[in-house]
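The chain contents come next:
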Amino acid sequence: MTVAIIDYGSGNLNSALKAFERAAQELDSAPQIEVTADPDRVRAAERIVLPGVGAFADCMAGLRAVPGLLPALTEAVQDGGKPFLGICVGMQLLATRGLEYRETTGLGWVPGQVAALEPADPHLKIPHMGWNTIDQARPHPLLDGIPTGAKGLHAYFVHSFQLYATDNADVVATADYGGPLTAFVARGNVAGTQFHPEKSQTLGLALIANFLRWAP
Amino acid sequence: MLKFRVIPCLDVKDGRVVKGVNFVDLRDAGDPVECALAYDAAGADELCFLDITASHEDRGILLDVVRRTAARCFMPLTVGGGVRSVADIRQLLLAGADKVSIMSAAVTNRDFVREASEKFGSQCIVVAIDAKRVSTDDEAPRWEIFTHGGRRPTGLDALAYARDVVDRGAGELLLTSMDRDGTKAGFDLALTRAVADSVPVPVIASGGVGTLDHLVAGIREGHATAVLAASIFHFGEFTIREAKAHMAHAGLPMRLDP
Numbered sequence: 001m002t003v004a005i006i007d008y009g010s011g012n013l014n015s016a017l018k019a020f021e022r023a024a025q026e027l028d029s030a031p032q033i034e035v036t037a038d039p040d041r042v043r044a045a046e047r048i049v050l051p052g053v054g055a056f057a058d059c060m061a062g063l064r065a066v067p068g069l070l071p072a073l074t075e076a077v078q079d080g081g082k083p084f085l086g087i088c089v090g091m092q093l094l095a096t097r098g099l100e101y102r103e104t105t106g107l108g109w110v111p112g113q114v115a116a117l118e119p120a121d122p123h124l125k126i127p128h129m130g131w132n133t134i135d136q137a138r139p140h141p142l143l144d145g146i147p148t149g150a151k152g153l154h155a156y157f158v159h160s161f162q163l164y165a166t167d168n169a170d171v172v173a174t175a176d177y178g179g180p181l182t183a184f185v186a187r188g189n190v191a192g193t194q195f196h197p198e199k200s201q202t203l204g205l206a207l208i209a210n211f212l213r214w215a216p
Numbered sequence: 001m002l003k004f005r006v007i008p009c010l011d012v013k014d015g016r017v018v019k020g021v022n023f024v025d026l027r028d029a030g031d032p033v034e035c036a037l038a039y040d041a042a043g044a045d046e047l048c049f050l051d052i053t054a055s056h057e058d059r060g061i062l063l064d065v066v067r068r069t070a071a072r073c074f075m076p077l078t079v080g081g082g083v084r085s086v087a088d089i090r091q092l093l094l095a096g097a098d099k100v101s102i103m104s105a106a107v108t109n110r111d112f113v114r115e116a117s118e119k120f121g122s123q124c125i126v127v128a129i130d131a132k133r134v135s136t137d138d139e140a141p142r143w144e145i146f147t148h149g150g151r152r153p154t155g156l157d158a159l160a161y162a163r164d165v166v167d168r169g170a171g172e173l174l175l176t177s178m179d180r181d182g183t184k185a186g187f188d189l190a191l192t193r194a195v196a197d198s199v200p201v202p203v204i205a206s207g208g209v210g211t212l213d214h215l216v217a218g219i220r221e222g223h224a225t226a227v228l229a230a231s232i233f234h235f236g237e238f239t240i241r242e243a244k245a246h247m248a249h250a251g252l253p254m255r256l257d258p
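Protein sequence lines, in the order shown, are assigned to chains A and B. Here the first sequence stands for residues 1 to 216, numbered as in UniProt numbering. Here the second sequence stands for residues 1 to 258, numbered as in UniProt numbering.
Pulled out of the complex, with its shape left as it was, chain A reads as follows (with noise of 0.2 Å):
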């Protein structure tokens, strides 16, 4: 089995490539993890990671830049049915739509936009910034095992903004940061932490390696 992780010029791949093999060594059967922008590769392989920091224009304007990417992508994911993972921008662009800084169109692979996060406590900090407990909406294979809940583990969260969805079922969890903000979403084939699991310790390992067994 083979991992893409999509390099697209987004920042720190190096975390989220050593957190993948770090919770790949837990499973039967080593997967080969690999950082490429290569479409041949994002084709050939067998699970895609998206990871993603910074703003959703400048995210979505690095994957078009890579010629032949976003069909890669698109073929892969939306055609191929291989199980995708977005981290933290690289979720939010699932999306239809960004307003960060200015409209941009999404994958809108999960119907919604991203916008603002308006916390309803105005003294509360912005970026939403630290560890912060998820509440599951629903159960879902990639939190399988993981305690959740007020009294569960917690997970690293950096970010302004959020993905509002559109259906609210595509919301698999939530943190509370003056009420709820989307910590997790997924529509078939297709999950998404806002939160970053290479840096969550306990639960982002337990998460990663959960998706690397995930058969949706």
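Honestly, the hints are just simulated from the structure, not real lab data. Hints may contain errors.
[Claimed, not checked] Residues from chain B shown here face chain A by an in silico Cβ test under 10 Å; the list is partial:
hint	residue
1	Arg5
2	Leu37
3	Asp40
4	Ala42
5	Asp45
6	Ala71
7	Phe120
8	Gly121
9	Gln123
10	Ser198
11	Pro200
12	Val201
13	Pro202
14	His223
15	Phe238
16	Pro258
[Unchecked claim] A short, non-exhaustive set of chain B residues, derived as facing chain A with CB atoms under 7 Å:
hint	residue
17	Leu2
18	Gly60
19	Phe74
20	Met75
21	Gly96
22	Gly169
[What the hints assert, rightly or not] Here are the simulated lysine-lysine pairs, DSS-like style, with alpha carbons at most 27 Å apart:
hint	chain 1	residue 1	chain 2	residue 2
23	B	Lys119	B	Lys184
24	A	Lys82	A	Lys18
25	B	Lys132	A	Lys18
26	B	Lys119	A	Lys18
27	B	Lys13	B	Lys184
Positions of the beta carbon are idealized from the N, C-alpha and C atoms, including for glycine.
The hints should help you fit chain B onto chain A, whose structure is shown.
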């Protein structure tokens, strides 16, 4: 619920931890990677490396330390010290830093903060502020920005500066009181609160921690969302776990994952 953060800071010089970390039996107490792993295991919420290497030419050593830490430590890492250009930031992020802290370069060129945050996103740009009280006891309190370890005054008002760098895209402020740094007398709570209340981004309180109650006060009275300390942890006076348990006992929401 979002938790408050406890952040140990390691001073790194020429790839080695200055003074070492003496709270557990490490094979090599001067190895930043070993120290980082020990803090990771102890429940630190983030780690901070401050590079105090004099020469910018030796940057490769720091990058190697960051790379080796990120390969084994799955928690957020902030790296600062001598960050002067977009290229410096890019190298650190690619090596595995999650956030980069900028100090002197932000003072000399405020637009660097904007350039950096537009390039990499505000979430990874921390501006480090070293402030010293310049008002007399009978005046309204006023703090000024100092550089070069508190030796060089800049004439910049700390509150105005803090607001300005946040307007330019800083996603977090690391605020150190140069009056309190190394004194163990506690944070400058008036400074911390004045800055935290005047910016919308998270503020990390730093400088002066001597007791665990100081950590509680930094958050409760200083309005910081994270507290940074070095010596009380490095020399084993308190463990990270003790610090977090104490803060939780005082009623602050803390991450106490096993």
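Evaluation of the provided hints:
1. Arg5: With a closest approach of 5 Å, the B/Arg5 hint holds.
2. Leu37: Interface hint status for B/Leu37: violated (12 Å vs cutoff 10 Å).
3. Asp40: Holds - the Cβ of B/Asp40 comes within 10 Å of chain A, reaching about 8 Å at its closest.
4. Ala42: Hint violated; B/Ala42 Cβ to chain A Cβ min 12 Å, cut 10 Å.
5. Asp45: 6 Å, holds
6. Ala71: Constraint on B/Ala71 satisfied, holds at 5 Å.
7. Phe120: 6 Å, holds
8. Gly121: Holds, about 4 Å.
9. Gln123: 5 Å, holds
10. Ser198: 12 Å, violated
11. Pro200: 6 Å, holds
12. Val201: 6 Å, holds
13. Pro202: 5 Å, holds
14. His223: OK, holds: B/His223 within 10 Å of chain A, min 9 Å.
15. Phe238: This hint is violated: B/Phe238 lies away from chain A, its Cβ roughly 20 Å from the closest one there, beyond 10 Å.
16. Pro258: Holds. Min distance 8 Å.
17. Leu2: 5 Å, holds
18. Gly60: 16 Å, violated
19. Phe74: 5 Å, holds
20. Met75: 6 Å, holds
21. Gly96: 5 Å, holds
22. Gly169: Hint violated; B/Gly169 Cβ to chain A Cβ min 11 Å, cut 7 Å.
23. B/Lys119 <-> B/Lys184: 38 Å, violated
24. A/Lys82 <-> A/Lys18: Within the cut-off at roughly 22 Å; holds.
25. B/Lys132 <-> A/Lys18: 41 Å, violated
26. B/Lys119 <-> A/Lys18: Satisfied, since the Cα-Cα distance of roughly 24 Å is no more than 27 Å.
27. B/Lys13 <-> B/Lys184: 23 Å, holds
Consistency note: the structure conflicts with the earlier hints numbered 2, 4, 10, 15, 18, 22, 23, 25.
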